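Trainee: Grab the two chains, each in its own frame, and use the hints to assemble them into the complex.
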Amino acid sequence: MAHDWHPEFEQLVDEHQAMVYSLALRMTGDRGLAEEIAQDVFLELDRRMGQLESAEHSAFWLRRVTMSRATDALRRRRVRGMDLWVELGDGDGVTAEERTSPLGARLEHLMTTLPQAQRAALILRYQEDMMPEEIAAALDVPLATVKSNLQRGLKLLRSKATSHLREFIRGA
Amino acid sequence: MEHEELDQFEQELRQALERRPAPPGLKGRVMERRSARMERRSWFARSFFGSKSAGSAGRAHSLLWMRVAATVLLAAAVGWGLHWRVEKREEQRRGEEARQQVMTALRITGHALNQVHVRLAAHDRGE
Chain A
6 MAHDWHPEFE QLVDEHQAMV YSLALRMTGD RGLAEEIAQD VFLELDRRMG QLESAEHSAF
66 WLRRVTMSRA TDALRRRRVR GMDLWVELGD GDGVTAEERT SPLGARLEHL MTTLPQAQRA
126 ALILRYQEDM MPEEIAAALD VPLATVKSNL QRGLKLLRSK ATSHLREFIR GA
Chain B
1459 MEHEELDQFE QELRQALERR PAPPGLKGRV MERRSARMER RSWFARSFFG SKSAGSAGRA
1519 HSLLWMRVAA TVLLAAAVGW GLHWRVEKRE EQRRGEEARQ QVMTALRITG HALNQVHVRL
1579 AAHDRGE
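The listed protein sequences derive, respectively, from chains A and B.
All residue numbers for the first sequence refer to the working numbering, where the first residue is 6 and numbers rise by one.
All residue numbers for the second sequence refer to the working numbering, where the first residue is 1459 and numbers rise by one.
Treat the hints as calculated values from the structure; they're not laboratory data.
Here the structure is a predicted model, which is why all the values come from computation and not from measurement.
Don't take each hint at face value.
Pair by pair, the computed Cβ-Cβ distance ranges are [unchecked claim]: (1) A/H11 to B/H1541: 19 to 25 Å; (2) B/G1539 to A/A60: 51 to 57 Å; (3) A/T118 to B/A1533: 55 to 61 Å; (4) B/M1561 to A/R80: 55 to 61 Å; (5) B/R1472 to A/T118: 14 to 20 Å; (6) A/E138 to B/G1539: 55 to 61 Å; (7) B/V1526 to A/T118: 55 to 61 Å.
Using N, Cα and C, we set each Cβ at its ideal position, and we do this for glycine too.
Next up, chain B with everything else stripped away, as it sits in the complex (with noise of 0.2 Å):
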């Protein structure tokens, strides 16, 4: 009885879930984003590495845009490279004052211990 109510169950569920049909025009939508995609990629294929058909004008055209992204990317690297140097530089520049700082204050403590040093043994002479 509990297999046949689950069979019939079942079968309902699987008549529930037949497969809908897809909204109208989906597929259009479809072609028409791979006609763009297609065309985005001929357009960067065209302007990166030229085409045969292009002839002199595409293959100029094409060596213009490398040399565009060829002097953007090593101005990017220049660029980089100063701001790195700077940055070092002022790093180097923080870490010597720090030490400075540091010798100052030793220096200073030093001098106060043989004050010190110097009052105690007077002390201990009895002056």
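Isolated chain A, as found in the complex (with noise of 0.2 Å):
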């Protein structure tokens, strides 16, 4: 089908490109792979240009994508028995209490601690600010399915931060 959104491939990278490494990097955590995954996304996204219709349909594009291929490269490193989540703290130029609170920095890494399917549908509602619906659709999966995984994900990362984070809870 004819569409009239014809973008500039440099643009949409500039455009999207802390999307896709945050996502790849929360799934992951390593930024190495990371890096990888967001570059192969990017190369696939030019390959597919033509069928995007709008700006909206490729950022939806890119999260689903995104995801699918952490999930894939955690898939591949489980088999070959890797250890994952090398750190999240520090990096680019920026160290995390530059960038966040100490609280933020500690629930980003409990979130690490989290089951895949349970980050996956955490870090697109909080850091993507996404609706149950529209994760579901993302990742395929049913929308009950994704609702328990907030649900469930949230209780436990919760539980975990109030065990690790007395001190917070206490003053906050």
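Mentor: This is the structure we're talking about:
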């Protein structure tokens, strides 16, 4: 079907590189792997440019493909028996403290301990501010599963945070 | 109270999960890989299909590539066919050999049974 949306590839990379990289990084916990995934996703985008109909469509496509590639990468690494989650602390020239509060850095780290499906749902919900319906479409899973993963993930994260961060909870 | 705490927690989580900046040079590396891929594609297209701007030399070059590819394919097909035929003949030979062995065994068994039968008959007649 013909459409009027004809963006520049370079412009799309500029616009979405932080989103794609952050999604891959938070899913895999490995900066090198996240960059590799981001590069592959953009090259795939280049091949599919003609099929994308709007800015929203391209953002949706990028999120979907990034999450799928990150999941595949995690599966491959599990098969090879490699240990993931190097660290999500300082990086990219920005320390965790500069970027966010100590609690934020701790929460980000605790996210890495959640089951993969719950982590994926929470990342899309709180990083990308997506609604459960949108998350279900992006991850290609039933809405009920997404809602359940969000609820369970949040509960688990809260309980981990409560036990790890009693000081903050008391102070808040 | 529970709801308020959850809201505050979710707010903190939202802040913790703000997008990270992409590593410096990511865009450049993507563009490099894209250029390399486009270069490979155009080389492939030039090599196999020639180009309008290449003129007769380019077309001769692409024809040469096509001939080489066709020859390799043909040689592979002929080689595979010969190999298949040799395998088939060998299989038939082994089958025939096995059949002969079975026939010999049956003949020996038949002969032995005949001998037994003759002796039993002689014994019955009191010879």
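Trainee: So, for every hint listed, does it hold in this structure?
Mentor: Comparing the hints with the structure gives:
no., hint, result
1, A/H11 to B/H1541: 19 to 25 Å, "violated, 53 Å"
2, B/G1539 to A/A60: 51 to 57 Å, "holds, 56 Å"
3, A/T118 to B/A1533: 55 to 61 Å, "holds, 58 Å"
4, B/M1561 to A/R80: 55 to 61 Å, "holds, 58 Å"
5, B/R1472 to A/T118: 14 to 20 Å, "holds, 19 Å"
6, A/E138 to B/G1539: 55 to 61 Å, "holds, 58 Å"
7, B/V1526 to A/T118: 55 to 61 Å, "holds, 57 Å"
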